[in-house]
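Asker: These are the residues of each chain, in order.
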Amino acid sequence: MARASESILIDDFAELIKQLKEISPQLRKDFDKGLKEAVKPMSDLAKTFVPGSVQYKGRDVFQQEPPIYSTPAWVDDKIHRSRDPLRWTWQADVVTRGIKIRRTTKNKVPFGYNKVAVAALALVNSAPGGAIYELAGAGKESSRKKTKNVSRNYKAPEDFRVLFPKVAGNPYRLIYRAEAQLGDKVRRDIANVINTRLFKFVKGTK
Amino acid sequence: MVMARKEVAVDFITRLKDKGFKDLDKNTKKSVKSLQKFGKALGVALTTTALVTFVKKSTQQFAELEKSTRRLESELNTLGIAFATSLATDFTRSLALATGTSQDKLIPSLQKLVATTYTLTDAQKLLGLAVEISGRKGLELEQVTNALSRAFVGDYNALVRLRIGFEKADVEGKTFAELLARLQGEFGTRQADTFADKLEKIKVGFEEAQVALGKGFIQGLEDSGVSVEEFQSKMIALGTTIGEALGKAVGYFEGFQNKLDELAKNPVIKLLLTGLDALIGLDPIMGTGRDTAAKENAARKKQAEAYEKELSDRAKLLKLSEAEALLAKQRAAELKRLQAKEKAAAAEKKRSADLEKLRNSIQFKFDIDAINLQAALRRQLSQTDRDRVLQLSALKISDYQTDEEAIKTLKAATEGRYDDAMNLEKVLQLLKIAGFASDKASIDALAALKPDIKFTDNLDDIIAKLKAIIEGKYSISIGATISVPNIPTPGGSSKSGGLPPTFDPGGFRKKDEDTSKDLLPPTPPVVKPPYIDLPGEIGGEPFKTPFIPDTGRFRFFEETGVSDRRMGLPSFFDPAGFRARDEGVTVNVNIEGSLLSQNDLVAAVTDAVYQTQRTGNDLIVSAI
Numbered sequence: 001m002a003r004a005s006e007s008i009l010i011d012d013f014a015e016l017i018k019q020l021k022e023i024s025p026q027l028r029k030d031f032d033k034g035l036k037e038a039v040k041p042m043s044d045l046a047k048t049f050v051p052g053s054v055q056y057k058g059r060d061v062f063q064q065e066p067p068i069y070s071t072p073a074w075v076d077d078k079i080h081r082s083r084d085p086l087r088w089t090w091q092a093d094v095v096t097r098g099i100k101i102r103r104t105t106k107n108k109v110p111f112g113y114n115k116v117a118v119a120a121l122a123l124v125n126s127a128p129g130g131a132i133y134e135l136a137g138a139g140k141e142s143s144r145k146k147t148k149n150v151s152r153n154y155k156a157p158e159d160f161r162v163l164f165p166k167v168a169g170n171p172y173r174l175i176y177r178a179e180a181q182l183g184d185k186v187r188r189d190i191a192n193v194i195n196t197r198l199f200k201f202v203k204g205t206k
Numbered sequence: 001m002v003m004a005r006k007e008v009a010v011d012f013i014t015r016l017k018d019k020g021f022k023d024l025d026k027n028t029k030k031s032v033k034s035l036q037k038f039g040k041a042l043g044v045a046l047t048t049t050a051l052v053t054f055v056k057k058s059t060q061q062f063a064e065l066e067k068s069t070r071r072l073e074s075e076l077n078t079l080g081i082a083f084a085t086s087l088a089t090d091f092t093r094s095l096a097l098a099t100g101t102s103q104d105k106l107i108p109s110l111q112k113l114v115a116t117t118y119t120l121t122d123a124q125k126l127l128g129l130a131v132e133i134s135g136r137k138g139l140e141l142e143q144v145t146n147a148l149s150r151a152f153v154g155d156y157n158a159l160v161r162l163r164i165g166f167e168k169a170d171v172e173g174k175t176f177a178e179l180l181a182r183l184q185g186e187f188g189t190r191q192a193d194t195f196a197d198k199l200e201k202i203k204v205g206f207e208e209a210q211v212a213l214g215k216g217f218i219q220g221l222e223d224s225g226v227s228v229e230e231f232q233s234k235m236i237a238l239g240t241t242i243g244e245a246l247g248k249a250v251g252y253f254e255g256f257q258n259k260l261d262e263l264a265k266n267p268v269i270k271l272l273l274t275g276l277d278a279l280i281g282l283d284p285i286m287g288t289g290r291d292t293a294a295k296e297n298a299a300r301k302k303q304a305e306a307y308e309k310e311l312s313d314r315a316k317l318l319k320l321s322e323a324e325a326l327l328a329k330q331r332a333a334e335l336k337r338l339q340a341k342e343k344a345a346a347a348e349k350k351r352s353a354d355l356e357k358l359r360n361s362i363q364f365k366f367d368i369d370a371i372n373l374q375a376a377l378r379r380q381l382s383q384t385d386r387d388r389v390l391q392l393s394a395l396k397i398s399d400y401q402t403d404e405e406a407i408k409t410l411k412a413a414t415e416g417r418y419d420d421a422m423n424l425e426k427v428l429q430l431l432k433i434a435g436f437a438s439d440k441a442s443i444d445a446l447a448a449l450k451p452d453i454k455f456t457d458n459l460d461d462i463i464a465k466l467k468a469i470i471e472g473k474y475s476i477s478i479g480a481t482i483s484v485p486n487i488p489t490p491g492g493s494s495k496s497g498g499l500p501p502t503f504d505p506g507g508f509r510k511k512d513e514d515t516s517k518d519l520l521p522p523t524p525p526v527v528k529p530p531y532i533d534l535p536g537e538i539g540g541e542p543f544k545t546p547f548i549p550d551t552g553r554f555r556f557f558e559e560t561g562v563s564d565r566r567m568g569l570p571s572f573f574d575p576a577g578f579r580a581r582d583e584g585v586t587v588n589v590n591i592e593g594s595l596l597s598q599n600d601l602v603a604a605v606t607d608a609v610y611q612t613q614r615t616g617n618d619l620i621v622s623a624i
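Taken in sequence, the protein lines are chains R and H.
This note's numbering numbers the first residue of the first sequence as 1 and each following residue consecutively.
This note's numbering numbers the first residue of the second sequence as 1 and each following residue consecutively.
These are computed hints drawn from the structure, not numbers from a lab.
Honestly, I wouldn't trust all of these hints.
Claimed, not checked - Cut-off 20 Å, straight-line C-alpha distance, at most; resulting in silico cross-link-like pairs (SDA-like, lysine to any residue):
{"hint": "1", "chain 1": "R", "residue 1": "K100", "chain 2": "H", "residue 2": "E7"}
{"hint": "2", "chain 1": "R", "residue 1": "K140", "chain 2": "H", "residue 2": "E7"}
{"hint": "3", "chain 1": "H", "residue 1": "K125", "chain 2": "H", "residue 2": "K316"}
{"hint": "4", "chain 1": "H", "residue 1": "K137", "chain 2": "H", "residue 2": "L179"}
{"hint": "5", "chain 1": "R", "residue 1": "K148", "chain 2": "H", "residue 2": "E7"}
{"hint": "6", "chain 1": "H", "residue 1": "K316", "chain 2": "H", "residue 2": "S94"}
{"hint": "7", "chain 1": "R", "residue 1": "K47", "chain 2": "H", "residue 2": "E7"}
To be verified - Anything over 10 Å on all C-beta distances counts as not near chain H; from chain R, calculated:
{"hint": "8", "residue": "D44"}
{"hint": "9", "residue": "F62"}
{"hint": "10", "residue": "W88"}
{"hint": "11", "residue": "Q91"}
C-beta: ideal position from N, C-alpha, C; glycine also.
The task is simple: from the sequences and hints, build the whole structure.
Answerer: Dropping the structure here:
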């Protein structure tokens, strides 16, 4: 799901940051800031793609009102009930806030680097609604069959498949759309931060 | 097991996980980490290449290396020798250090060779050779590996295309073992290292340092008395040492700015020089007693680890040799099985072909269409119909021919060359079937004579012509004299002493007692021999079937009551029209000329016998 194919791989990234911090906390902060600045234009662009409401053929894809949990399954089940009932509705501001730059993750394994790598810098679409909107209609039948659906709202995928037509490959809606437009530039900027800026800083010649 | 990531994200920087590292090959990991540390140390201070760029590059290389190692492991796993993966990577690592070819090129090549040769040992041998050829001739390793692996399975074209001194004529008819011996003779011994070789070796040890070290550095290094190989082997250790020294030094600095100042005052070039001093044994970096003790402990530990690794390697080698021996045995058994299968298939094919041939031969004899066509040819036909029939005959004959022959036949028939179409061999084959020539030698002899026979001839004519040829060829003159047995005197017995000297058979004549008229001897019935059932043949020479006299009308001499009227025999008298009681007829076969084979004799005798049988008399075989 996560796109890691063009990610810059630094095996000892944590150690690098640790050493930078040891040399100078400021250096580390500045390095961090530089990285975030590089990704920020893409983050901003992705936020502009968040629609006020999501409709397909004149019909709202997300519910207008939060669910009332009236079915027996929901009444008996207090565990899976969301703390925020509004999460099932389309809240553009929440989705917008959910698009953020994540500096480090501990156990989030990027696709294609299973078991040996984790993301160190990523732009994520963290709001559930945003993630659904981003991915709906994608995926292969074979992968769907392998996924065990444990949701109380187990018919949701079917509904979304009806409402969001099948997309060949990954859909370009929010962050993926931004990545398609600005991804290369961001990667160049990050390489620049690593290669030039850090180096100059270390040399004290900036 | 880490679960797959379930968030929507675009990754820009990825780091490797420590846990993941533990699962990877330790040696590979160690070398990469050492390189990386060395890179950090030298990269920051010395080179114009940035620290992180180096890290990035080395880790990307590592990722590639890890992938190819996994592929190699998978390949070895299919052979059942996955445990030898570390041996294989050790080999490629040492080969990389020795030859200056990077591991990420060597491992895929090794994988390919393992896939071809099925043994790690052979694959290693070939890889060493491939690297040497690639280095000397300036060829891509992949290209050379491909050529060698193809040559291993007997396809030498790629090897010739490499243009390394093998021409097509050189490799034709040679086994791979012979070519390998030649290749090893030419490329097995290393030539003196060129300057470029040395630079490459340094590059393998620390690729990014190449720019910084440069030509001058290598020259200086050689001047200092340290060989490139020695430097190379110690380079990683040096990098670690410098890295540690730098790390410790950093701890003493109060702040980054101070560090920069300190760096300005004490450029790390000095550290490098100190490192080089350590390398050539002039001055160790660490001075204090505690450091020295720690170093000694580390060295002991390292030695113990090395010993442990060596033991483990030996055990693996032993296991590898056993596994490879087993594989070889299995392959030999498989080969034997395949050969037996092929042999059985060939025998079956031959049997089927023989069977088909026999079937065709029989089918040809009983092919009603062919018989009808032949019969049609004997009638009075218009030229157009005759052409049609002949073409149909050609078409029929082509059914019994191979494709190539059939094309010739049909082409000839289309052009009106019917004699060519109905090739002579086919006609001769008919004769063989008819029994006129009973063995291959006779058929060949007939074919060599090229008798003036046309397919369009009447079959009876063909047979007559061939008979003439057979007789001419073998100079066989068949003559049969018939000794007539004792013919009793009228009223006497045949056993009473024979004919009187005055007996003249010509004085007798047969007479039908009922009508008292002279009885004409009947014409022998024409009986078609059952085994010359040739296409279109109707009737045939009367032979084999014995003549059966009409006993109702014929009489023996004593029964005829013919009186000796002292008259000459009538012109139609034929002694053969009579038969003797209780006694057979002796047939003497006088053969004139020479006989080429027993078959000729048999044919001659048989012919004489047939002629005699035609007379209706019994045969007495007195001697052969």
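Asker: Which hints, by number, does the structure contradict?
Answerer: Of the numbered hints given earlier, the structure breaks none, since each of them holds.
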